[in-house]
Amino acid sequence: MKLRKTLRIARWEVTKSAGTLDKTTVVFAALVLLVGGVAGGAVVSEVALDEGIYRVGVDESSPYHDVVQENEQLVAGSPDGELGEDISMRVRNGQFEAAETRKGSAAYAEFRTAVRVYNDRRYDDLFASGTVNRTAAFPVVVVLEYADRNTQDFSGAGGGRTDDGTVDGDGGSTDDGGGDGSGGVDDGTGGVGGGDDVRAPAVGGGGGGGTQMSGAPGQLSPPFPFQSLVLAFLFIVPMNFVVQAYGSTIINERVNRRGELMLVAPVTRGDIIAGKTLPYFAGLMAVCSAIAYVVGGSALALAAVLPIALLFLAATFVGGMFARSFKELTFVTIAVSVFLTAYVFVPAIFSDITPIALISPLTLVVRDLRDVPVSVLEYAYSTGPFYLSSLVLFATGASVYREEDMFTQKRLPAKALDSISTFVWNKRTVAGVSVAMLPFVFVAELLVLALVFPLPERFALPVLLTSIVVVEEIAKSVGIYAGFTHDRFRDTLGAAVGVGVASGVGFFVAEKGMLVVQVVGMGQYEYGQAAFSTLPSGLSPLVAVGLLFMPLGLHVVTATISALGARRSRTAYAMAFTVAVLVHLAYNVSVLAVRSGVLDGV
Amino acid sequence: MIRVDDLRKEYDGFVAVEDSSFEVDAGEVFGVVGPNGAGKTTTLKMLAGLVEPTSGDAEIAGTPAGSLDMRRNLGFLPEESPLYEEMTAHSYLEFFADLYDVPGDVARDRISDSLDRLDLDHRERRIGDMSKGMKRKVAIARSLVNDPDVLIYDEPASGLDPLTTNYIIDFTRELADAGKTIVFSAHNLYHVESICDRIIVMNQGDIIARGSLDEIRDKHGRTAYHVYTDVPVRDAAPEDDDRYHVVVDDMTAVERVREEANADGGRVVDIQTEDPSLEDIFLDIAEESVEAAREDEAERPAREVET
Numbered sequence: 001m002k003l004r005k006t007l008r009i010a011r012w013e014v015t016k017s018a019g020t021l022d023k024t025t026v027v028f029a030a031l032v033l034l035v036g037g038v039a040g041g042a043v044v045s046e047v048a049l050d051e052g053i054y055r056v057g058v059d060e061s062s063p064y065h066d067v068v069q070e071n072e073q074l075v076a077g078s079p080d081g082e083l084g085e086d087i088s089m090r091v092r093n094g095q096f097e098a099a100e101t102r103k104g105s106a107a108y109a110e111f112r113t114a115v116r117v118y119n120d121r122r123y124d125d126l127f128a129s130g131t132v133n134r135t136a137a138f139p140v141v142v143v144l145e146y147a148d149r150n151t152q153d154f155s156g157a158g159g160g161r162t163d164d165g166t167v168d169g170d171g172g173s174t175d176d177g178g179g180d181g182s183g184g185v186d187d188g189t190g191g192v193g194g195g196d197d198v199r200a201p202a203v204g205g206g207g208g209g210g211t212q213m214s215g216a217p218g219q220l221s222p223p224f225p226f227q228s229l230v231l232a233f234l235f236i237v238p239m240n241f242v243v244q245a246y247g248s249t250i251i252n253e254r255v256n257r258r259g260e261l262m263l264v265a266p267v268t269r270g271d272i273i274a275g276k277t278l279p280y281f282a283g284l285m286a287v288c289s290a291i292a293y294v295v296g297g298s299a300l301a302l303a304a305v306l307p308i309a310l311l312f313l314a315a316t317f318v319g320g321m322f323a324r325s326f327k328e329l330t331f332v333t334i335a336v337s338v339f340l341t342a343y344v345f346v347p348a349i350f351s352d353i354t355p356i357a358l359i360s361p362l363t364l365v366v367r368d369l370r371d372v373p374v375s376v377l378e379y380a381y382s383t384g385p386f387y388l389s390s391l392v393l394f395a396t397g398a399s400v401y402r403e404e405d406m407f408t409q410k411r412l413p414a415k416a417l418d419s420i421s422t423f424v425w426n427k428r429t430v431a432g433v434s435v436a437m438l439p440f441v442f443v444a445e446l447l448v449l450a451l452v453f454p455l456p457e458r459f460a461l462p463v464l465l466t467s468i469v470v471v472e473e474i475a476k477s478v479g480i481y482a483g484f485t486h487d488r489f490r491d492t493l494g495a496a497v498g499v500g501v502a503s504g505v506g507f508f509v510a511e512k513g514m515l516v517v518q519v520v521g522m523g524q525y526e527y528g529q530a531a532f533s534t535l536p537s538g539l540s541p542l543v544a545v546g547l548l549f550m551p552l553g554l555h556v557v558t559a560t561i562s563a564l565g566a567r568r569s570r571t572a573y574a575m576a577f578t579v580a581v582l583v584h585l586a587y588n589v590s591v592l593a594v595r596s597g598v599l600d601g602v
Numbered sequence: 001m002i003r004v005d006d007l008r009k010e011y012d013g014f015v016a017v018e019d020s021s022f023e024v025d026a027g028e029v030f031g032v033v034g035p036n037g038a039g040k041t042t043t044l045k046m047l048a049g050l051v052e053p054t055s056g057d058a059e060i061a062g063t064p065a066g067s068l069d070m071r072r073n074l075g076f077l078p079e080e081s082p083l084y085e086e087m088t089a090h091s092y093l094e095f096f097a098d099l100y101d102v103p104g105d106v107a108r109d110r111i112s113d114s115l116d117r118l119d120l121d122h123r124e125r126r127i128g129d130m131s132k133g134m135k136r137k138v139a140i141a142r143s144l145v146n147d148p149d150v151l152i153y154d155e156p157a158s159g160l161d162p163l164t165t166n167y168i169i170d171f172t173r174e175l176a177d178a179g180k181t182i183v184f185s186a187h188n189l190y191h192v193e194s195i196c197d198r199i200i201v202m203n204q205g206d207i208i209a210r211g212s213l214d215e216i217r218d219k220h221g222r223t224a225y226h227v228y229t230d231v232p233v234r235d236a237a238p239e240d241d242d243r244y245h246v247v248v249d250d251m252t253a254v255e256r257v258r259e260e261a262n263a264d265g266g267r268v269v270d271i272q273t274e275d276p277s278l279e280d281i282f283l284d285i286a287e288e289s290v291e292a293a294r295e296d297e298a299e300r301p302a303r304e305v306e307t
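Chain order of the listed sequences is A and B. The first sequence lines up with residues 1 to 602 when you count with the working numbering. The second sequence lines up with residues 1 to 307 when you count with the working numbering.
A couple of the hints might just be wrong.
Some but not every residue of chain B turned toward chain A, in silico, with C-beta under 8 Å [claimed, not checked]:
| hint | residue |
| --- | --- |
| 1 | ARG3 |
| 2 | ASP5 |
| 3 | PRO82 |
| 4 | LEU99 |
| 5 | TYR100 |
Read the hints as simulated data drawn from the structure, not as lab findings. Note that the coordinates shown come from a computational prediction; the quantities given were computed from them, not determined experimentally. We treat Cβ as the ideally placed atom computed from N, Cα and C, and that holds for glycine.
When you get a sec, could you build the whole thing from the sequences and use the hints?
Shown next as structure tokens:
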């Protein structure tokens, strides 16, 4: 690739595209930007949509009245109001009472936060004014170490009843109230004695009665980082528009063979693709930079948005290369927009409460906007699948960016097989294709994980296991099937077994890459373990090694089963694939059962 | 200048071009003719590096087909004119000149010269607003922006009106006179005959005839003898001047006509010979080729039964 050629093509793309924009389109785009800007501005200017959503019954003479007044989400009401109807919670005589509803629990949680913030702010003021001597007030230095929350931490708002903290006007106690639920949380941020400080109550135990909770959204309650989420979403909005234009320019090259002469010019297809993509990518990043500037995002927000923009463009590029018409492209681009928007946005909603949120780079944006630090590992974990998927998708589209493929009218699956077949030539390349499928497997499994997360466990686990098995078997066998349909391999039993083994080994090696999830703690969840087969701690080395290498046998066997069908026909492949899925499913269920037994022994 | 060795292209089991080999000398105008689906376009695209051969090699001026070096020295004109219609002719040509690393001032002069020679006005008009003939001229001008030594023109005058067609054929002849090596394909065999030094005839992916026009005429063509008599003879048609006209294809037949006329008290009053046109030869060869293929097809099941 030559930079000069790429830039020249990019310049040409801008000129050419500008010539196709009519006034209506320009006006429409301007309106969209205006609306987006106003919406963003509204949020930024703190027109908080969640302002005053919890009404707290508190007397004006109560020290907690000021606490409520200072918090945006809380609004003071009469303590005589009916709980659950007029007010969400009540403060009376130092006693706290919340409505036994989700909103009541959420109001209570927010109230606790408000108390803590109030106390912190108040002490800061007192220290700053010199009214209180910090050393005298805190003769003992306390070093706080925050541990990661485990699943039990999340049970607090799950319908647990409120506990009655007490006003401690003169003590120096760091106990912030007793929670009597089994999952009670003591966050160590209790009130410090002195004057009219208020003391925050503990959030009571979970409704599960002491049983371990999954931390699923169904068991959680707001508040979510609403404002940050809305601001983060602003980054995604322009992507949905840009991919439409980008998809059009890609398919434009294919209509009436318009791109043929570029293919015969002394430029590589890499030059052409990069040149055509660059203006859209640069435009997106420019818009995102402007958004970051307005909403107060840092370079981290941009670094997090970058792989999202890349994946939007990469998926659209493949769509533009595979679609047979503009009509078909419209379906593809909308599907890409909806899927990716959902993928990045939904997990980010839970950015405060679960590591699963990290599957979306948008979570990093939310964290950035809330000044929550992000480690390099977290960045790599969150964005890695996006970068890798983008790379593979661009390579997939580029593989058919040639005269023989780009002007033909084939159905999407046939185009996809054509594309994959360009990478498949022998056993080694079959293994390579299985490895290249890893990012998609990872993304698909994380998505399934996120989708089943809110479901009850009895539904979630079977759906999760089945979905993952299907995804993995597709990843292992699609390269084999593409190879057989394109006569890359001899139609013999030996060849089928050979490519099956190669694919299984390749996938096994790639799958071990998923162990990265261990690093960021996804494996602590039961669902995470099911999804990624992470190894629980406490196993003997022999069992651990066995569990580590048993999947190798599984992948080799199931890939070979699919290969035996793929060499025959599409129907035979479908049947063999089904058998492979059932074998894989049986294996996974067995391993879960065995591991459960082993752990019980541990 | 151009060398093609055993070039073969298969699409999903269908053989589009079957082990073609030929050479084109520098400065030569080389014709590729054949019916639709003969494999002409596929052959030209493999030469241009657009289509990857299933097997075999092709090179132009010592560089492999498809390489960037080869593309720099090639002007390719596909059968259609796939232009970027939202651009003006001038900006379109400037863009491609830039891709071919032609310096700006050289490109401007070259583009201006090409458009002058092609008599193309409205250079700042959007290509989409141009007539088909004008678009074709823009496409030809594009093939010349890099001043290549080798031009591959696939049906350059296809679908154009006679005036524009003649203009383009004359222009191609000018390019040949200027020393360009041209590989030229056309359905209109008159055009091929008028400008090509040598040709290959393709049918169903095979080269079924090759050589200079004279060589092909000698090998595949049959001279027609127009025999005129003053009395009616078998198969003769009356002419306005009381003569009778019969066309035969060898001297034996001429002698037979003479004997018939003499037997009726008449005589042969005139004999004229007519060399076959390329079109006649092409039709003959194509018919023979189709016939041979049919026989081959008919024999195949019998052989399978025998085995």
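Exercise for the section: Return the status of the interface hint for ASP5/B: holds when the least beta-carbon distance to chain A is below 8 Å, violated otherwise. Expected result: violated (21 Å)
Exercise for the section: Verify the interface restraint on LEU99/B: the C-beta must sit less than 8 Å from at least one C-beta of chain A. Expected result: At 5 Å from the nearest chain A Cβ, LEU99/B passes the 8 Å test, so the hint holds.
Exercise for the section: Under 8 Å, Cβ to Cβ, is where TYR100/B needs to be relative to chain A, so tell me if that hint holds or is violated. Expected result: holds (6 Å)
Exercise for the section: For the hint on ARG3/B, just tell me whether its beta-carbon gets within less than 8 Å of chain A. Expected result: Because about 19 Å separates ARG3/B from the closest Cβ in chain A, which is outside the 8 Å limit, the hint is violated.
Exercise for the section: Double-check PRO82/B for me: the hint is only fine if its C-beta lies closer than 8 Å to a C-beta in chain A. Expected result: holds (4 Å)
Consistency with the previously given hints fails for numbers 1, 2, ordered from lowest to highest.
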